[in-house]
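Student: Using the hints, position chains B and C against chain A.
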Amino acid sequence: MYPDKFEYFAPDNIEGLEELLDKYKDDSKILAGGHSLIPLLKLRLTSIPYIIDISNIKALSFVDYNNALEIGPMVRTGEVASNKIIGDKCKLLADAASKIADPQVRNMGTVGGDICEADPRNDLPAVMLALNAEFEVTNSMGKRTVKAEDFFKDAYTTALESNDILTRIVIKNTENYYGKYYKYTTLSSDFAVFAIAINMSLNDNKTVKDIGIGLTNLNSTAVKPVEVENYLKNKKIDDRVAGEAFNLLLKSCDIEDDVNGTEKNKEKILKNIFINGLKEIYEVL
Amino acid sequence: MMVNINVNGREYKKDIEPRMLLVSFLRDELNLTGTHIGCDTSNCGACTVLMDGKSVKSCTVLAAQANNHEITTIESSDPKLDVIKQSFVEENGLQCGFCTPGMIMQTFYILENSEDADEEYIKKNLRGNLCRCTGYKSIIDSVKKAEEKVKGEINVSK
Amino acid sequence: MYLNRFVNGEGKYVDDIKFDNMLYMSIVRSPYAHAKIKKVKGGLNSSELKAYYAGMDHAMREPVLAIDEVSYVGQCVAAVFSENRYESEDLLNSVEVDYEPLDAVSSIDDALKKPAIHDGMKDNILDTEDVGNKFNEKDIDYDIKVSDTLFMDRISANPIETRGIIADYKDNVLHIYASSQSIHRLKGGIMKTLNLKDDEIVVHHVDTGGAFGLKALIFPEYIIAAYASMKYKKPVKWIETRSEHLQAAHAGRGIKADITLYARKDGKINGLDGTVYLDTGAYFTDDDLVDLGNAMHEVTGPYFIENAHLTGKYVLTNKALNGYYRGAGKPEASRIMERMIDLLADKLKMDIADIRIKNATEKPFKSPLGFDINYPTKPLLEAALKHFDYYNLSKKEKLGISLFILDEDTAPGESCRITVKDGKVKVYFGGDVSGQGHELFVQEMLSEEFNIDKDLISLDYDDTDTLKDGTGTWGSRSAITHGSVLMKTAEIIKNDVIKKFGKYDKDLLLDNEFNEYYYYKIDYNANSVNFNMVSCDVNDMNSIKIYTYYDLGKILNLKNVLGSIHGGGLQALGETLSETLRYDEDGQLITNNIADAGLLTADKIPQYNIKIVENNSEFPDKAKGIGESTMIGIPSALARSIELQTGKRVTKFPIDDLSLFNKCME
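Residue numbers (our numbering), protein chains in the order written: chain A, 1 to 285; chain B, 1001 to 1158; chain C, 2001 to 2666.
This is chain A alone, in the form it adopts within the complex:
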C-alpha cells in the first residue's frame, strides 16, 4: 500500500533533467503523472532509488498546430480528450484519450507517460502507430526523431535509453483524416481487453487514400499491421474487403485463451469491431 523509500527530484528545466538522468541512469525513473509508476511502487512490485518528477518542466507541456499537431509529453490525458485543437485536428487521439481509465486518472495521467510506459494494455501506443506519429527524443547529447513504428519494442520496452526523454509528439496525418478508437473492455475494468485504433482519409473517388491502424493488447506490445494498411489503400470498403482485411489483421495478433475468454470468442468479437469500425469511419468520410 505504501512505497519503499526513494530520493525525489523535481527539476524545472530539461537541462536539469538531463543531468539527473546522466547521473543516476538505470537507478532512476521519470515520474510524469505517476499513474503507472505509483501503483507499482505502492504494491512494491518495483523499487526505484531515484524518482525524477518532470511536472515542473513547463517546456514539456504544450499543444500546438503548425502544419502538424505537436503535443508535449506532460499534457494530461484528460486535457488531450478535451483540448479544442486536438479535437479539431485529430479525432482519433481525442476519442482514445477520453476512453482511458476514469476522469480522476485522466486528470493526472499524461500522454507521454502512457506512451513511454508501453504497457501492452495502454491505449495511446496503438493510437500513435495508427497516426504514424513521430517522437522527438532528447538527451544530453542532442535530439533525434523516432517514428512510432520503431518505438515500441516489447511489453514495457521502448526505443528509449535510460537517459532519453520524450520531449515532443508530432502528428502529421491530421487534415482530411477521421479516426476512432474501438476499445473493448470487460464489464468492470476500464483496461482494454483489446482495442483497435483506425485513422483514415479518402481519395475523391471514395477509395482509401491513407489508413493507419494500431492494435492494443493483441500482442506483447502495440502493433501496427502494415500489411492490412497496404491492402486497404486505394480500395473502397465493403464487407468483402473488410473481411479480407480482417484475415490479414489476424496475422498481427497473438490471441490466446485467458481469464477474459477463449481465443475463439475473442476473435469473433474482434472481427465484429474491426469490420464495423472500418465501415463506420468510411461512411463518416
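Hints listed in this document are in silico derivations from the structure and should not be mistaken for laboratory results.
Some hints could be false.
To be verified - Subject to a maximum C-alpha distance of 25 Å in a straight line, what follows is the list of computed BS3-like cross-link-like pairs (lysine-lysine):
| # | chain 1 | residue 1 | chain 2 | residue 2 |
| --- | --- | --- | --- | --- |
| 1 | C | LYS2663 | B | LYS1123 |
| 2 | C | LYS2663 | A | LYS271 |
| 3 | B | LYS1054 | A | LYS91 |
| 4 | C | LYS2170 | C | LYS2192 |
| 5 | A | LYS91 | B | LYS1144 |
| 6 | B | LYS1123 | C | LYS2545 |
| 7 | A | LYS268 | C | LYS2663 |
| 8 | B | LYS1014 | A | LYS99 |
| 9 | A | LYS264 | C | LYS2663 |
| 10 | C | LYS2545 | B | LYS1144 |
| 11 | A | LYS91 | C | LYS2663 |
| 12 | B | LYS1123 | A | LYS84 |
| 13 | B | LYS1123 | C | LYS2559 |
| 14 | A | LYS268 | C | LYS2652 |
Tutor: Relative to chain A, chains B and C alone:
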C-alpha cells in the same frame, strides 16, 4: 523534504518523506480523515480530492507532487460543496458513508466542469468511484439535485 | 444526523482513530497456495503465538499464524510492527521464511480428484451431512427426470472499507475498536482464542464502511493485533489493504450442486435429490455450517416437493477460507431450484410461470429438507404475475422470473438501549449497524412513538459494556429484530414516564432522564415470500430491467427499502455477470484488483420497476425483511433472460461471457 501545500485555503509547510502519498499527508499529517482509502490500485475513488480544481485520486499522488499546489478536500467550507452535501443528505445518496467523501468531491468536479451534465454524463464521470451499498441510483439523483440547485442559484443571482 | 456526519467527512471509521504510541501492524503472508515452512525467523510468528481461532472446536481450525505449513496464498505467517505505517511495510522484508512448495488444490473438482491437502485425512472431504428423506425413485410418481450441475463461484465481499481493528490493552482490559456487524460475536471469538475472562475485554463499535456478511466474522489478524497489544502494552492498529482483502478475507458462495428433479408430465415435481458441495477453503470455520446449511435446507424454497434429499460435502481447497457474503447460502439454494425448474419447464415445453404456479402452495408447510415456510406461496406468485401482466409482457420482453422465500435470521432476537438525557434521545443496538442506514428508521419510528422531532434522536456507537448482550446485523433481520426491540424499549420508556408522572407527553420525556435496556427474544426464524422478474437485451447493459414484487410487511422507512433494493440489485447483477475471484491451477489468485473482482460502476445500473406489498408480520413493528432478497431473486431470473437470447443454458455464475452486453466503449 519540505513541502508547502495549500489545503482548503490554508498553507501547510511540512517536512515529509518523499514517498509519502498525498492521502497520508491529509489523513496522518493534517488529521483530515474525511478522505478515505478503499483500495491500493487507483480503482475505488474513495480518496478523491481536488488538486488545482481537478479531481485526482490522492492515494496515487505523492505529497511531493502536490508541493506548491492547492488541494480541496471534503472538509472544505466552499459554499458550492455545501450545496452538494445537502443534496446527498436529501436524496439519501449514501449508506455506509465510506465512499461518500470521494463521491462528493467528484460531484464537485463534475459540476465545476460541466454546464449541463445529463444523466449519461454523470454516470460516465462517476466511473472512477465505487460504491458497494447504494447501487449508485441515489447518488446519481443526489448529483442531479445538486446540479439543479447550483443552476437555480446562478439564475437567481443573474 | 448521521448523514451529515458522513457527508462532512466526519465519520469515525477505525482508521480514523489514533492513539498515542500506537503501533501499525503488517502481515507477512504466504506467497504459496500450499507449502511446508522449513524455517521462519523474525516478526511475531507461531513459535510464540500458537493458537487456533474458530468459534467451534474442530480438528481443522486455522492457526492464527501458520504452523509448519501454509495452505493458501495470503495465509498469515508472521506479523511486524512499527509506529509508522510505511515502516511497518518496510519491516515485512526483515522476516525470513523458507518454503518448500507442495501440490495445491484450487477448485472443488480438483479437490475431489487429488490427494488430501492436510496430513491425517484420507481425502479432501472435511465433513458430510445429509438432509431430507432418502427416497427410492421407484417409489415416487414421476414421468420425467432432469439432472444438471450448477456452479456459483466465489465472491469477495469487498466493502469499500476493508477489514480493520485497533486493539488497545490498558489497565488490564483489552479494548477493541473494529469495523464489525457484531461486537458481541467478536468479543466471544477473541475471549475464546486468547483465554480472556468476560471483564478483561470490551469491544467498541465504530462506523463500519460496509460489511455484507464478512464483518460478522472473526479473523486471525484480529487475534494477532489483540495479542500484540497485550504483549507490547501499546495500541496496535491493523488496516487491511485491498490486495490483502482479495487474497485473505473469507470469500462467499463457492457452491457446486449436482441435482435431479423427478416430475410428472403436468409439471408437478415429486422428488429432488443430489449433492451440494461447498468450497470451504483450507480450514474449517463456523460459517461453513451456515453457508452449506442454508444452501441445502432452503433448496426447495417456495415449492412443496414431497420427497427431497440432499447430501452436503464440505470440500477443502488451498484457498482462503469460506465466509458469509450477502445471503450466505440462501441465494445459492434458490438459484439451484430456480435454474432446475426452468430446465424442467423447457423439457416439458411449459411456461416458466405455469410450472411455478403448479408447484407453489396454498398453505404454509414444512419442507422435507427442514425449511418451515410460514406463508402460502401461490397467492403472492399469482398476484405478482398479474401485477406485471406477465403473460402479455413475456411476449414482448425476454423475461426470467424467480419466486423465493426470504428466510430472515430473526433468532435469537436483539437488544437495545434507549437513553434520554439533556433533551436528546440516544439509541444503542446490540446488533451493530454496518452501514445500512438504520438511523433513518430509528428516527422515523421513535419520532412517531415519542411524538418528538427526528433531529433529537440519534443512533449511537455501542460497546459490550453499554449493552451486555446483543446479536448482529445480518440475515435480513434488522427490520424485524431491530425495529421490534426498538418498539419494545420505547414502550418501556413511555411507561417509565407514565409511572413517574401519571401520563405521557414529550416534554415530560425530554425534560427528564431515562435509561432502559431490553432484549427482545425471538426463538425462530421468520420468513416471507417474494418475487423477481428480469428482462434484458444481451447487446445492451443499460437495457436490464428488474421487476421486484416484495412483501415487506410494514415499511419502516422507504429510503432504507429503496436503498436496499438498488444496492442489492446492482450487487446481484455483478454476481450474475462479472463478480468472482479467479485462481490458477496452482492456487495463485489472479484477480489482482477490485475492478477485476467484477464490481460494477455507476454507468452499469439497471432500470427498476418496484412494487412493494405490505402484508404485516406478526412482530411488534409488523415488518418483514429485505436485505438479501435481491441477491436471491435477481440472478436466476437474469440468467433466464440471457439464455432465452443466446440459446445457451446458464449453469455457471458469474456467466462471465465477454461477448455479452457489447462492451465496446461509446
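Student: Each hint needs a verdict: does it hold in this structure or not?
Tutor: Verification of the supplied hints:
Restraint check for LYS2663/C and LYS1123/B: satisfied, since their Cα atoms lie roughly 16 Å apart, inside the 25 Å limit. Only pairs whose Cα atoms come within 25 Å are accepted, and LYS2663/C paired with LYS271/A is accepted, the gap being roughly 14 Å. Straight-line distance between C-alpha atoms of LYS1054/B and LYS91/A comes to about 24 Å, which keeps the hinted pair within the 25 Å bound. For the hint pairing LYS2170/C with LYS2192/C, the CA-to-CA distance comes to about 20 Å; that is within 25 Å, so the pair holds.
Distance hint between LYS91/A and LYS1144/B is unfulfilled; the C-alpha atoms sit about 30 Å from each other, more than 25 Å. Of the supplied pair hints, the one linking LYS1123/B and LYS2545/C holds, its CA atoms being roughly 18 Å apart against a limit of 25 Å. Simply put, LYS268/A and LYS2663/C have alpha-carbon atoms about 14 Å apart, close enough for the 25 Å limit, and the pair holds. The suggested pairing of LYS1014/B with LYS99/A is violated, with an alpha-carbon distance near 37 Å, which exceeds 25 Å.
For the hint pairing LYS264/A with LYS2663/C, the CA-to-CA distance comes to about 17 Å; that is within 25 Å, so the pair holds. For the proposed pair LYS2545/C and LYS1144/B, the alpha carbon gap of about 22 Å is at most 25 Å, so the pair holds. For the hint pairing LYS91/A with LYS2663/C, the CA-to-CA distance comes to about 21 Å; that is within 25 Å, so the pair holds. A distance of roughly 23 Å separates the Cα atoms of LYS1123/B and LYS84/A; the hinted pair therefore holds under the 25 Å criterion.
Taken as a hint, the LYS1123/B and LYS2559/C pair is honoured in the structure, with Cα atoms around 21 Å apart against an allowance of 25 Å. Among the hinted pairs, LYS268/A with LYS2652/C is consistent with the structure: their alpha-carbon atoms are about 22 Å apart, no more than 25 Å.
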